[in-house]
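Given the sequences, and given the hints that come with them, work out the whole structure.
Quick note on numbering: the sequence shown equals residues -23 to -1, 1 to 293 in mature numbering (1 follows the signal peptide of the UniProt record, and there is no 0).
Some hints here could point you the wrong way.
The following label-pair restraints were derived from C-beta to C-beta distances [stated by the list, open to error]:
(1) PRO190 x ASP264: 46 to 52 Å
(2) LEU217 x THR123: 38 to 44 Å
(3) ALA68 x ASN95: 24 to 30 Å
(4) LEU64 x PRO21: 21 to 27 Å
(5) ALA234 x ALA68: 32 to 38 Å
(6) ASN161 x ARG205: 26 to 32 Å
(7) GLU65 x ALA191: 20 to 26 Å
(8) SER267 x ARG205: 26 to 32 Å
Taking lysine-lysine pairs in the DSSO-like style, the calculated list, with each CA pair at most 27 Å apart, reads [claimed, not checked]:
(9) LYS98 x LYS28
(10) LYS28 x LYS274
(11) LYS102 x LYS28
(12) LYS23 x LYS98
(13) LYS23 x LYS102
The hints are simulated quantities; they were obtained by calculation from the structure and are not laboratory data.
Even glycine gets a Cβ: it sits at the ideal position worked out from N, Cα and C.
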Amino acid sequence: MLAVGAAALVLPLAAGAAPTAFAAPVSAPVLRAPAGGYEELMVPSKMGPVKVQVQWARHGGTAALYLLDGLRARDDRNAWSFETNALEQFANDNVTLVMPVGGQSSWYADWTSASNTNGQKTTYKWETFLTEELPAFLEGYGVSRTNNAALGLSMSGPAALRLAALHRDQFKHASSLSGPLNWNAPGMREAIRVMMLDAGRFNVDSMAAPWSPAWLRMDPMVFAPELRGLPMYISAASGLPGQHDRPAGLGGAYNTANAMGIEVISMVSTRAFQSRLNTLGINAVYDFPSNGTHSWKYWEDQLWKARPHILNALGA
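Given below as structure tokens:
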């Protein structure tokens, strides 16, 4: 089942169209706290300039929500900005939406080396970017370094939890939607290998050696104790088709079947993670819908459910 799920994750469920051209983005802080509106920033990093889509807090507030992308993250736009109505959901809220662009198959981690299976030129250093370089840049716009939330889906679900667990001074809330949260499960590392090879031909061994400290540091089951006291929203659906599944033709049926399989795996691993947190006496808000597959419209629904918890934690 893990192999089927791995193949499913790499299908273009989380966006796969070719990149499109954009106007030249903003590239320098203006030392102000904008009230509402949308901008695209180019943020310096060890990986080179990284595009970040931003919807500023409606009333110029300092809180921010980092919306992380899926396994097939594109180089032109963060899928939250076009696969969902995330911008509309938070349009009147006093929280800035921060949507980093890129990071396909990265797991938003600091890799040990550049991938040696696809000619990657630069080593991924996404955790450093999201916890050091980007917050420092956004501080120039009046965004707080210490009043943020992280939310991820699928690949970025465990990443959102990890960023918050290991950088508690920065994040006050974390959400995982349909994330693979049990990396101890038999075959999970090889399933991740298959996913990454298909999504950009990235090598999981370049990210972290098997069972190395770097690998264990990314495993939600391992860093779970660090989540104590952190408000969290965690969800995964049953995998049964629901209101957003309307497959057309054989291609649509195939995609839906894959989305069903991977959501089942997400649900099983999320349930295992729930048990782990319960054993540790750590609380979280959970939602396990009776219907729903591994696809964007269900994550849009979950974002809406997570929204009041996020705003409450941020005081926004």
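Verification of the supplied hints:
1. PRO190 x ASP264: 46 to 52 Å: Taking Cβ atoms as reference, PRO190 and ASP264 lie about 33 Å apart, which means the hint is violated.
2. LEU217 x THR123: 38 to 44 Å: 41 Å, holds
3. ALA68 x ASN95: 24 to 30 Å: 38 Å, violated
4. LEU64 x PRO21: 21 to 27 Å: 25 Å Cβ-Cβ, so the 21 to 27 Å window holds.
5. ALA234 x ALA68: 32 to 38 Å: Because 35 Å falls inside the window, the suggested range holds.
6. ASN161 x ARG205: 26 to 32 Å: About 20 Å separates the Cβ atoms of ASN161 and ARG205, which means 26 to 32 Å is violated.
7. GLU65 x ALA191: 20 to 26 Å: Since GLU65 and ALA191 have Cβ atoms about 38 Å apart, the given range 20 to 26 Å is violated.
8. SER267 x ARG205: 26 to 32 Å: Holds, at about 30 Å.
9. LYS98 x LYS28: Between LYS98 and LYS28 the Cα gap is close to 18 Å, so the pair holds against 27 Å.
10. LYS28 x LYS274: 24 Å, holds
11. LYS102 x LYS28: 15 Å, holds
12. LYS23 x LYS98: The given pair, whose Cα atoms are some 12 Å apart, holds under the 27 Å limit.
13. LYS23 x LYS102: At roughly 7 Å apart (the allowed maximum being 27 Å), LYS102 and LYS23 satisfy the hint.
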